[in-house]
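Student: Chain by chain, the residues:
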Amino acid sequence: MTQSPTLSRRSTSPSAPAPRKSKRSGADARAGYTFLLPWLLGFIALTVGPMISSLYLSFTNYNLFDPPKWIGLDNYTTMFQDERFLQSVGVTVGYVVFGTPLKLAAALAVAMLLNSARKGQGFYRSAFYAPSLIGASVSIAIVWKAMFGDSGPVDQGLSFFGINLGGWVGNPSMTMSMFILLTVWQFGAPMVIFLAGLKQIPADLYEAASMDGAGPVRRSVNITWPMLSPVIFFNLLMETIHAFQIFASAYIISNGEGGPAGSTLFYTLYLYLRGFSDFRMGYASAMAWLLVIVVGIITLIFFKTSKSWVHYSGDSK
Amino acid sequence: MTTMATPKQSAPMLQAQDYNPKSESVTAKRVKSLVFHMVALGLTAVVLYPALWMVASAFKPNAEIGGANTSLWSNNFSFDNFVTAMDGIGGVSTLQFFTNSLVLAVGAVVGTILSASVSAYAFARIKFPGRSVLFGMMIATLLLPFHVVIIPQYIVFQQLGLVDTYVPLLIGKFLAADAFFVFLMVQFMRNLPAELDEAARIDGAGHVRIFCSIMLPLMKPALISTSIFSFIWSWNDFLGPLLYLNTPEKYPLPLALRLFVDQTQSSDYGAMIAMSVLALLPVLVFFLVFQRYIVEGVSTQGLKG
Chain A
1 MTQSPTLSRR
11 STSPSAPAPR
21 KSKRSGADAR
31 AGYTFLLPWL
41 LGFIALTVGP
51 MISSLYLSFT
61 NYNLFDPPKW
71 IGLDNYTTMF
81 QDERFLQSVG
91 VTVGYVVFGT
101 PLKLAAALAV
111 AMLLNSARKG
121 QGFYRSAFYA
131 PSLIGASVSI
141 AIVWKAMFGD
151 SGPVDQGLSF
161 FGINLGGWVG
171 NPSMTMSMFI
181 LLTVWQFGAP
191 MVIFLAGLKQ
201 IPADLYEAAS
211 MDGAGPVRRS
221 VNITWPMLSP
231 VIFFNLLMET
241 IHAFQIFASA
251 YIISNGEGGP
261 AGSTLFYTLY
271 LYLRGFSDFR
281 MGYASAMAWL
291 LVIVVGIITL
301 IFFKTSKSWV
311 HYSGDSK
Chain B
1001 MTTMATPKQS
1011 APMLQAQDYN
1021 PKSESVTAKR
1031 VKSLVFHMVA
1041 LGLTAVVLYP
1051 ALWMVASAFK
1061 PNAEIGGANT
1071 SLWSNNFSFD
1081 NFVTAMDGIG
1091 GVSTLQFFTN
1101 SLVLAVGAVV
1111 GTILSASVSA
1121 YAFARIKFPG
1131 RSVLFGMMIA
1141 TLLLPFHVVI
1151 IPQYIVFQQL
1161 GLVDTYVPLL
1171 IGKFLAADAF
1181 FVFLMVQFMR
1191 NLPAELDEAA
1201 RIDGAGHVRI
1211 FCSIMLPLMK
1221 PALISTSIFS
1231 FIWSWNDFLG
1241 PLLYLNTPEK
1251 YPLPLALRLF
1261 VDQTQSSDYG
1271 AMIAMSVLAL
1281 LPVLVFFLVF
1291 QRYIVEGVST
1301 QGLKG
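So the sequences go chain by chain: A and B.
Going by my numbering, the first residue of the first sequence is number 1, and it counts up by one from there.
Going by my numbering, the first residue of the second sequence is number 1001, and it counts up by one from there.
The hints are simulated quantities; they were obtained by calculation from the structure and are not laboratory data.
Quick reminder that beta carbons are idealized off the backbone N, C-alpha and C, glycines included.
Treat the hints with care, as some may be off.
As the list claims (entries may be wrong) - Chain A regions said to be covered by chain B (calculated; three or more residues, Cβ under 8 Å):
(1) 38-44
(2) 48-55
(3) 92-103
(4) 133-143
(5) 239-248
(6) 299-308
Stated by the list, open to error - Subject to a maximum C-alpha distance of 30 Å in a straight line, what follows is the list of computed DSS-like cross-link-like pairs (lysine-lysine):
(7) B:K1029 to A:K199
(8) A:K199 to A:K119
(9) A:K69 to A:K199
(10) B:K1127 to A:K199
(11) B:K1029 to A:K119
(12) B:K1127 to B:K1220
(13) A:K119 to B:K1127
(14) B:K1029 to A:K307
(15) A:K307 to A:K199
Sequences are here, hints too, so could you generate the full structure?
Tutor: Put into structure tokens, the structure is as follows:
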């Protein structure tokens, strides 16, 4: 997560004869770029180039058939009068703000539970991880829709306990909870990372703290939390960024429309609809760039604030 | 975590089975472990319920799924749904969709392995000007929402007449566009001792030799993780095929599923769910076979960053 500038452990020793070194470094430069060629080509042709052109397109009106027409900042200003756009922002922000912390809390809680046991840990770890592997697939979206449908098993199961919510899929006030449950269900991937982090904490830290009379709460606050904070930071950053990009499940569950009443109109779904069904490619590009800017700002804020709560242990690697 | 208190409390009950001098703590541990397994098993049941419900429903007649059925058991188990699902949709058999998914996934694995390993070698083992800047950019693409590139990419592929072919879906794999895998391999290679290639260089080996005969064999674990994940990601990919493929004959399974949902409009729930199961089957098999690898891969890639 934090790319350290120390890219290689090999340091050129100062005693090496100068001419040989420069000859070798010239050959290395050539070899380096040759080996890097696939990535470099892809980076330029599939990332940098398209980014620049979508930035240009975001200032135009473009429908794929007529040449783009420059309209300045119009796409960006009309966005904020576009009710569907504002709704998609609301839906997505709600999902990120509630779904991600809940998912991570579940992941951390289960990781701590599993970390306390020896036997069977591998089995549970695998079982809990499985949903992360399939959760974003179309198949699971179909299953989710069936399970949370009117009088589906979830509804039925809840009414057994006297809770009658009606269907979730067709009810605009329940759809968000359904999506949040879908993401929380996939707590396994961050859990596995948390578990690996917990294992890295030296046991003698806890022993020493117990010896000094620290109870479980104090041990968590003073040992687990700081020692785990780099992992928490990593998970929080990655999960937040991923949450913004939910697409397949939203598309399938809402039949590609974002309904009912726009309650599942996630940002990327609206972007897709604008670009590839209304063919308003300029507008969609502006939406894409806005997403990049927002994700960039969030990443920046995360890194800036991390200094105050993320603890990196002594070795400056 | 209350091991300090428990031995005293449980000591009297233990005298009967004192085959072990430390038996008091053994029983305390047993109780703790029992509670742990009860909680963990309960959680497992909740977590796996959707998957089990899916599989169970695929074997049930329609009337039992659509209606209120929370149970995983049915007295009318049958393969009818699978028979219907295998017929496919839109005049294309499900076997064809399977083949398409497989072609795309194998293409993705081959492309990713080739391009990512070569690029990772450059980042991890060769010193050249501009390396750290480029490496930083590669890391940045890990965080970049890729929606920012899909529109221009689509326009270019459309102008090249490549829409409705597999080229737009595979070209990125051969150009190491999944930065995640490059990163994973760089991390792995950095942990291999530098003396290996130093020694080879003294013997006069060039980078091609070092890469092929030293690095690649040692990188096997990273190559396996990469293969597994790029296969599964390609298998589950929905947005890419949705953007680029128009003819059902070329659809991979996720798109075929969407077509199925659209055309049957939930009238044949059972077949729809059976097809969902079929679509996930390879992923589930992969998971059962490689679960250690997969879970281990996740736990190390997160921390080595």
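Student: Under 8 Å between beta-carbons, do enough residues of the stretch 92-103 of chain A, three at least, approach chain B for the coverage claim to hold?
Tutor: Coverage by chain B is violated here, the residue count being 0 at a Cβ distance below 8 Å.
Student: What's the verdict on B:K1029 and A:K199, does the C-alpha distance respect the 30 Å limit or exceed it?
Tutor: holds (20 Å)
Student: Against the 30 Å threshold, does the CA-CA distance of B:K1127 and A:K199 hold or violate the hint?
Tutor: With a Cα-Cα distance of about 34 Å, the restraint between B:K1127 and A:K199 is violated, given a limit of 30 Å.
Student: Could you grab the alpha-carbon distance between A:K69 and A:K199 and see if it respects the 30 Å cut-off?
Tutor: violated (57 Å)
Student: Tell me if the straight-line CA distance from B:K1029 to A:K307 falls inside 30 Å.
Tutor: Answer violated: B:K1029 to A:K307 is near 40 Å, above 30 Å.
Student: What's the verdict on A:K307 and A:K199, does the C-alpha distance respect the 30 Å limit or exceed it?
Tutor: The given pair, whose Cα atoms are some 23 Å apart, holds under the 30 Å limit.
Student: Given as covered by chain B, does the stretch 239-248 of chain A meet the bar of three residues or more with CB within less than 8 Å?
Tutor: Result for this restraint: holds, n = 5.
Student: Counting residues of the stretch 38-44 of chain A that have a beta-carbon nearer than 8 Å to any beta-carbon of chain B, does the count reach 3?
Tutor: holds (count 6)
Student: For the pair supplied as a hint, A:K119 and B:K1127, confirm whether the alpha-carbon distance does not exceed 30 Å.
Tutor: Given that 30 Å is the threshold and the Cα spacing comes to 46 Å, the pair is violated.
Student: Taking 8 Å as the C-beta cutoff, is the stated coverage of the stretch 48-55 of chain A by chain B satisfied by three or more residues?
Tutor: With 5 residues in contact (Cβ-Cβ under 8 Å with chain B), the coverage given for the stretch 48-55 of chain A holds.
Student: Would the pair A:K199 and A:K119 pass a check requiring their Cα atoms to be no farther apart than 30 Å?
Tutor: holds (15 Å)
Student: Verify the proposed pairing of B:K1127 with B:K1220, using a straight-line Cα cut of 30 Å.
Tutor: Measuring from Cα to Cα gives roughly 23 Å; hence the hint holds.
Violated hints, in rising order: 3, 6, 9, 10, 13 and 14; the structure is consistent with all others.
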